[in-house]
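Chemist: Residues per chain are reported as follows:
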Amino acid sequence: MGGVRLPSPRGAFRVWQRNATIFRKYWKTILLPNLFEPLLYLVALGLGLGAFIREGGINGLTYTQYIAPGLLASNAMFAASFESTFNTFIRLKIGRIYDAIVSTPVNAEDVVAGEYLWAGTRAALYGTAFLGVLTALGLVSEAPLISSPWALLIPPVLLVVGIMFSVMGTLFTSLISSIDFYAYYFTLVVTPLFLFSGIFFPIEDFPSPVPEIAWFTPLYHAVNVCRALATGPSLGVLVDIAWILVFTAALSLLPIRFMRKRLIS
Amino acid sequence: MEAGPRTGALSLNTQTEKRTGAGTGQTTLVARGLKKSYADFEAVKGVDFEVHRGECFGFLGPNGAGKTTTMKMIYAAAVPTSGELEVAGLDVRSAEREVKRRIGVVPQENNLDEDLKVKENLLVYGRYFDLPRKLVRQRAEELLEFVQLSDKAGAKVEQLSGGMKRRLLIARALINDPDLVVLDEPTTGLDPQARHLVWDKLRQLTGEGKTLILTTHYMDEAAQLCDRLCIMENGRIIAEDAPRALISEHVSPEVLEFRAAPEALEKLPSIVEDVADDVDRIGEALLVYTSDSEAVTRKVRESGVEVRNTLHRQASLEDVFLKLTGRRLVD
Ligand SMILES: Nc1ncnc2c1ncn2[C@@H]1O[C@H](COP(=O)(O)OP(=O)(O)OP(=O)(O)O)[C@@H](O)[C@H]1O
Ligand SMILES: [Mg+2]
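Which chain is which? The protein sequence lines are A and B, in order.
Residue numbering for the first sequence follows the working numbering, beginning at 1 and increasing consecutively.
Residue numbering for the second sequence follows the working numbering, beginning at 1 and increasing consecutively.
Please keep in mind that the hints were generated in silico from the structure rather than gathered at the bench.
Note that the structure is a prediction, hence the values are computed from the model and not measured.
Heads up, a few of these hints could be off.
[Stated by the list, open to error] List of simulated lysine-lysine pairs, DSS-like, C-alpha gap at most 27 Å:
| # | chain 1 | residue 1 | chain 2 | residue 2 |
| --- | --- | --- | --- | --- |
| 1 | A | 261 | B | 35 |
| 2 | B | 117 | B | 201 |
| 3 | B | 201 | A | 25 |
| 4 | A | 25 | B | 35 |
| 5 | B | 156 | A | 28 |
| 6 | B | 117 | B | 156 |
| 7 | B | 267 | B | 323 |
| 8 | A | 25 | B | 323 |
Given only the sequences and the hints, what does the whole structure look like? Please build it.
Modeler: See the structure below:
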């Protein structure tokens, strides 16, 4: 059975729907920590560290203004990464949820595509809530954190960013046999991306080849897009968006192939 | 203790001929030269079988014989390495979705969705088949009633007992009103009441014209439910027929079970040699297959060997199973 089978949108939707059914029951109880986490960074770094950042801030933004949009992107990365690693692994190996699903007309490839969509949805939902908080905070402080109406496009961008990180997380999940391996993924992939994607300092000012390396990493582009939409974009954003779409599409079939092998012997 | 023939210990399926579906002769599942290898191990080494519409077809066999692997190939959870496999005229590999749409599956391992309540398990499962919401609701109610779990509709799956989970799995397998239901050890872990309940339900299903394929380690279950069955060993089918035919083909009609001290058991085979068709040593007992039980008992009595306990009964499927899957002492 060579070649990758393409998922059916209908099957993928059913898997998405299953997760949504469960999420609907407890979203209120888990929304708070998901909002709190990026807020902690915003307060600790934006106000704490920001106080030491010289007059004029970064690129004309106060430090809080600078990091807020980046935190929107990293929040999407974390949401989609947890979903496609721990949660997916539990459904795969512990709950055996997928085994039950693939004995219906929903195929293994639909399961993976449905999980991509779901992780993206979750990233967009959390992101929208956080965006709301940022906008509100901006209203009560002297400088708005979100200053452009283009910010309305941030939720759909976070959906795509979420899908991108879901593809990466699912790829890792499809390769590992024990849940303990995620320590590697988070330490070696997620955390470095979080720190070196231009959320907290402009990566472009580093000596070569740091900016060049950053250009090849996914969160860097997500941060660029979010910051541009929050402050008023330039055309350069299209390059970042194209990068995200190409990277996601190129990688997306690999986990489908590997997961099918794990589900269908 | 000398007992008369213990009839009824394994009552055979005598309704075979009367069943509505069993006689239609329409083939709904065909396997030809079906093989499955995992890495370097061949779990199914070329099996052929046909199942007819409305029939209950059973798979017996020791652990690791390849029963589950065969079931998984039927519902496309395992891809055959070679051979043909058709369900309702459709090739399982090329028409994967269409085949799965028509099949209900009770897997050997429970895989209920523990994040969902009992009834939600049925509702969400029904969505995987793209069934209209209203229809799924109605069927979910009926099926919970059918497996007597209506009062647990709102319970969490983890609050169900093992047997209740099995019943819920059976209900789930029926949510798409399948033509063919694949049941991998449907009653393992059930108490006698629950097993009888499940048997009744399964008979009801064949009565409705559904085709059942079932694996089991319970000989009485196979004898009760299956119109035809096969015995698998080491990835091959070593016998296939109706339960009664298997018994008459492979073992003598009567069995005497002698229990005695090991030294005494050693002596018995040669004593009964002339009048026994076959002799089996199973643990502490010696099983003597014969068509003349009186002659056997007489020989044993005359030999003076001290026998603690004798049981006289009709040959059963279990005898066929034990004989065919090895453990023979004398041929
Ligand atoms: N995914 C797998 N990878 C490798 N070997 C496997 C796999 N699944 C099953 N096997 C092997 O294939 C053989 C047949 O297994 P199968 O599960 O079909 O047996 P079974 O007849 O259902 O046994 P049981 O009565 O114990 O359920 C066994 O030797 C088993 O170890
Ligand atoms: Mg099995």
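Chemist: State for each hint whether it applies.
Modeler: Checked hints:
Simply put, residue 261 (chain A) and residue 35 (chain B) have alpha-carbon atoms about 18 Å apart, close enough for the 27 Å limit, and the pair holds. About 23 Å separates the Cα atoms of residue 117 (chain B) and residue 201 (chain B), which keeps this hinted pair within 27 Å; it holds. At most 27 Å may separate the alpha-carbon atoms for a hinted pair to count; residue 201 (chain B) and residue 25 (chain A) exceed this at roughly 34 Å. For the given pair, residue 25 (chain A) sits about 45 Å from residue 35 (chain B) by alpha-carbon distance, which is inconsistent with the 27 Å threshold.
The hinted pair formed by residue 156 (chain B) and residue 28 (chain A) meets the criterion: a straight-line CA distance of about 20 Å does not exceed 27 Å. Annotation: proposed proximity of residue 117 (chain B) to residue 156 (chain B) holds, straight-line Cα distance about 5 Å (limit 27 Å). Simply put, residue 267 (chain B) and residue 323 (chain B) have alpha-carbon atoms about 21 Å apart, close enough for the 27 Å limit, and the pair holds. Only pairs whose Cα atoms come within 27 Å are accepted, and residue 25 (chain A) paired with residue 323 (chain B) is rejected, the gap being roughly 55 Å.
Checked against the numbered hints given earlier, this structure breaks hints 3, 4, 8; the rest are met.
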